[in-house]
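One letter stands for each residue in the lines below.
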Amino acid sequence: MLLAEDLHRAFQDPDRGTVDAVVGIGFEVRAGEIYALLGPNGAGKTTTLRMLATLLRPDRGRVLVDGIDAKRDPLGARAKLAYVPAEAGLEPQLRALEAVELFARIQGVKQPRQRAQALLEELGAGALAGATCGTLSTGQKRRVVLARALVHDPPVLLLDEPTDGLDVPGRRDVLGLVRRLAAEGRAVLLSSHIMGEVEAVATRAGVVARGQLVAEGTLDELREIAGERDLSEVFVKLTGDGSAPA
Amino acid sequence: MSASLRAVVVGTLAVLLRLSREGMVLRALAWPGLLAAVALVGTASVVAAFGGREQIEPHVALSAEEVAIMGPSLDEVGLTVRLDPDPTTAVQEGRAERAAWREGEGWVLSARDAGVHSLRAEMVLREEAGASWRPVVAPEPPAGKAATAQAGRMGALVAVLFVLYGVVMGAGLAWRDRGEGVVEASLPLPVPAWTHGASRVLGLGIALGGGLWLTILLLHGLIGMERPSAWAGHGALGAAVSAAVGLATTGGAGAQKKGFSAGLSRAMVLVAGLLGLGFGLPWVGAWLPVASLAAAGAGPWSPVADVVVVLLSALSLAACAGWWGRHHGGLGR
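Here the protein sequences come in this chain order: A and B. Going by this note's numbering, the residue at position 66 of the first sequence is 66; the numbering climbs one at a time, nothing skipped. Quick note: to get this note's numbering, add 246 to the position in the second sequence (first position is 1).
One thing to keep in mind: the hints can contain errors.
Said to hold, decoys possible - Below are the SDA-like pairs computed for lysine to any residue, each with C-alpha atoms no more than 20 Å apart in a straight line:
id, chain 1, residue 1, chain 2, residue 2
1, A, Lys110, A, Glu87
2, A, Lys71, A, Glu87
3, B, Lys503, A, Val19
4, B, Lys503, A, Gln114
5, B, Lys503, B, Arg422
6, B, Lys503, A, Phe11
7, B, Lys503, A, Asp15
8, A, Lys110, A, Glu122
9, A, Lys110, B, Arg252
10, A, Lys237, A, Leu219
11, B, Lys503, A, Gly42
12, B, Lys504, A, Gln12
13, A, Lys110, B, Val255
14, A, Lys110, A, Gln93
15, B, Lys503, A, Ala10
16, B, Lys504, A, Arg16
17, B, Lys503, A, Gly17
18, B, Lys504, A, Asp13
19, A, Lys110, B, Arg422
20, A, Lys110, B, Leu251
21, B, Lys504, A, Phe11
22, A, Lys71, A, His8
23, B, Lys504, A, Leu219
24, A, Lys110, B, Ser250
25, B, Lys504, A, Gly17
26, B, Lys503, A, Thr18
27, A, Lys237, A, Asn41
28, B, Lys503, A, Glu87
Claimed, not checked - Computed footprint of chain B on chain A; a stretch qualifies when at least three of its residues, placed anywhere within it, have a C-beta under 8 Å from a C-beta of chain B:
id, segment
29, 76-83
30, 102-111
Simulated from the structure, these hints should not be mistaken for lab results. Please read these numbers as outputs of a predicted model, since none were measured by experiment. Idealized CB from N, CA, C, for every residue including glycine.
Using the sequences plus the hints, can you model the full thing?
Okay, here's the thing in structure tokens:
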């Protein structure tokens, strides 16, 4: 469903010169699977996600979204995926229903208003339809953003830190939604540095450190590789990052 | 309808909807027209209430008997005749600004001032009395002509104000949309990245152009204006182009690191440069958007220049949209 092969991306930094943000990352996310991209801050998770979402051009490598080569046909690939960045990105002056409907109209969805309303209700945000996005809480925004991302029924979902800034109930709700979306047959890739949520939803995970995929597999396989039971210890050992994960 | 065109239309409508809910934007668009209208009506009221009547209706007080002799001649030079039972005391007692009466074979003119109207009255009286010399005062241009030229200058000022609005609103919209992640969220949509830039420029252009047209129409309705459609048209194009400049200077990823004021000041310098070009080299400025507003003071717009300004404005807007696409296009590049 989603295939990343040998992705490379470097940036020019005025102080540090050329910085290799992503070095040869490759993995596959199958339909119905939730794949977690783990790594400390600055490891290259977001850069990888942005390359998959066609927002950044890889210096090298290939991305296939539902069989479409994202480099050759970026617009075709975009039609098959939804990318939810860490920041909500909702226009503060628009109402929730309008924000979702806007994306539906741009995507060419039939009966955009009805589709937007139905999605908001499906995601438990029907009551927010008339609320201005600028007045919504972080959790409410996350629901609206997910509704907006799903408006064209994409088979591939890319979520960058989907629970960032959420309180405990909000986090639980969003993770429940993610599980449901995967159960519907979507390939879900989420980036996170929160071990608890990865343990709760992920089918498989890839650990990223210094721009490289240092380990990949089911959570049990990762535990085996690291020789640790606690996932936080697995994370620290595999990434070589002393900072304790959440 | 193609996906790109649909995205531009829908995106433009969304920008207009967003702007219509921004109290500050609405106030900014309504303020120039309302302020000018209130100032004009207020000035007219004050002039009418406190001794400005003479400015509106210059007159000479005459007795009933003298009206028949002097009335038509005074009327010819634009002076109204007022009947007064005793013109000899009319000026002293404040009933009139000037008065005339016969004394022997000649005439006496009493006046509160020695301005152009009194000189005209003297001209008529000396002619009537067959004096050996008389002043000749050139006739005033039609009242409307001077007023509409002044109002035209007002139209230019309002248009330049909307051009400056364009810079600020364009820069502000791009800055906020980048900072709040709106750009990042909309770029993965399956439409070319330039459509997002184009819809922002078009939305701002329509809002600013609409506001300018309404302001110019209001002023034209109140005081009459030379070439109102030209000021409104060139102003609207200039505002759209300046909005594009504002979007371009603050919308890029690099601009976020430099800060809002750096991008805004670059846009201001560019737009001020265009206006300066219009003032300094009107023959060049007449052919450029924004600059055409300043250049128009030097002479009338020609239809050819209008067409060139429209084309160059369209090219500037397309270049801005293309720039947006190049800077935000991702794999689309």
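Consistency of the hints with the structure:
The straight-line distance between the Cα atoms of Lys110 of chain A and Glu87 of chain A is roughly 28 Å, outside the 20 Å bound, and the hint therefore fails. For the hint linking Lys71 of chain A to Glu87 of chain A, the alpha-carbon distance of about 25 Å lies beyond 20 Å, and the restraint is violated. Distance check on the hinted pair: Lys503 of chain B and Val19 of chain A sit about 18 Å apart at the alpha-carbon level, within 20 Å; holds. At most 20 Å may separate the alpha-carbon atoms for a hinted pair to count; Lys503 of chain B and Gln114 of chain A exceed this at roughly 41 Å.
For the proposed pair Lys503 of chain B and Arg422 of chain B, the alpha carbon gap of about 14 Å is at most 20 Å, so the pair holds. At roughly 15 Å between alpha-carbon atoms, Lys503 of chain B and Phe11 of chain A fall within 20 Å of each other, so this suggested pair holds. For a cut-off of 20 Å, the pair hint linking Lys503 of chain B to Asp15 of chain A stands: about 14 Å separates their Cα positions. Distance restraint check for Lys110 of chain A and Glu122 of chain A: the Cα-Cα separation of roughly 18 Å lies within the 20 Å cut-off, and the hinted pair is therefore satisfied.
For the proposed pair Lys110 of chain A and Arg252 of chain B, the alpha carbon gap of about 13 Å is at most 20 Å, so the pair holds. Proposed proximity of Lys237 of chain A and Leu219 of chain A is supported: the alpha carbons are some 14 Å apart, at most 20 Å. Distance check on the hinted pair: Lys503 of chain B and Gly42 of chain A sit about 18 Å apart at the alpha-carbon level, within 20 Å; holds. As the CA atoms of Lys504 of chain B and Gln12 of chain A are separated by approximately 16 Å, the hinted pair is consistent with the 20 Å bound.
The suggested pairing of Lys110 of chain A with Val255 of chain B holds, with an alpha-carbon distance near 17 Å, which does not exceed 20 Å. Between Lys110 of chain A and Gln93 of chain A, the direct Cα distance comes to roughly 24 Å. Violation of the 20 Å bound is thereby established for this hinted pair. With a C-alpha separation of about 19 Å, the suggested pairing of Lys503 of chain B with Ala10 of chain A holds against the 20 Å cut-off. Between the alpha carbons of Lys504 of chain B and Arg16 of chain A the distance comes to roughly 18 Å, so the proposed pair stays at or under 20 Å and holds.
Taking the CA atoms of Lys503 of chain B and Gly17 of chain A, the gap is about 17 Å. The hint holds against a cut of 20 Å. Straight-line distance between C-alpha atoms of Lys504 of chain B and Asp13 of chain A comes to about 15 Å, which keeps the hinted pair within the 20 Å bound. A C-alpha spacing of about 31 Å is found between Lys110 of chain A and Arg422 of chain B, which places the hinted pair above 20 Å, so the restraint is violated. Proposed proximity of Lys110 of chain A and Leu251 of chain B is supported: the alpha carbons are some 17 Å apart, at most 20 Å.
Using a Cα cut-off of 20 Å, the hinted pair Lys504 of chain B and Phe11 of chain A holds, with the two alpha carbons roughly 18 Å apart. With a CA separation close to 13 Å, the supplied pair Lys71 of chain A and His8 of chain A stays within the 20 Å bound. Restraint check for Lys504 of chain B and Leu219 of chain A: not satisfied, since their Cα atoms lie roughly 43 Å apart, outside the 20 Å limit. Restraint check for Lys110 of chain A and Ser250 of chain B: satisfied, since their Cα atoms lie roughly 17 Å apart, inside the 20 Å limit.
Taking the CA atoms of Lys504 of chain B and Gly17 of chain A, the gap is near 19 Å; set against the 20 Å cutoff, the hint holds. Under the criterion of a C-alpha separation no larger than 20 Å, the hint pairing Lys503 of chain B with Thr18 of chain A is consistent with the structure, at around 18 Å. Using a Cα cut-off of 20 Å, the hinted pair Lys237 of chain A and Asn41 of chain A holds, with the two alpha carbons roughly 16 Å apart. For the suggested pair Lys503 of chain B and Glu87 of chain A, the alpha carbons sit about 18 Å apart, so the restraint of at most 20 Å is met.
Requiring three or more residues with a Cβ within less than 8 Å of a Cβ of chain B, the coverage given for the segment 76-83 of chain A holds, as 7 such residues are present. By the rule of at least three residues with a Cβ nearer than 8 Å to a Cβ of chain B, the coverage given for the segment 102-111 of chain A holds, with 6 such residues.
Consistency note: the structure conflicts with the earlier hints numbered 1, 2, 4, 14, 19 and 23.
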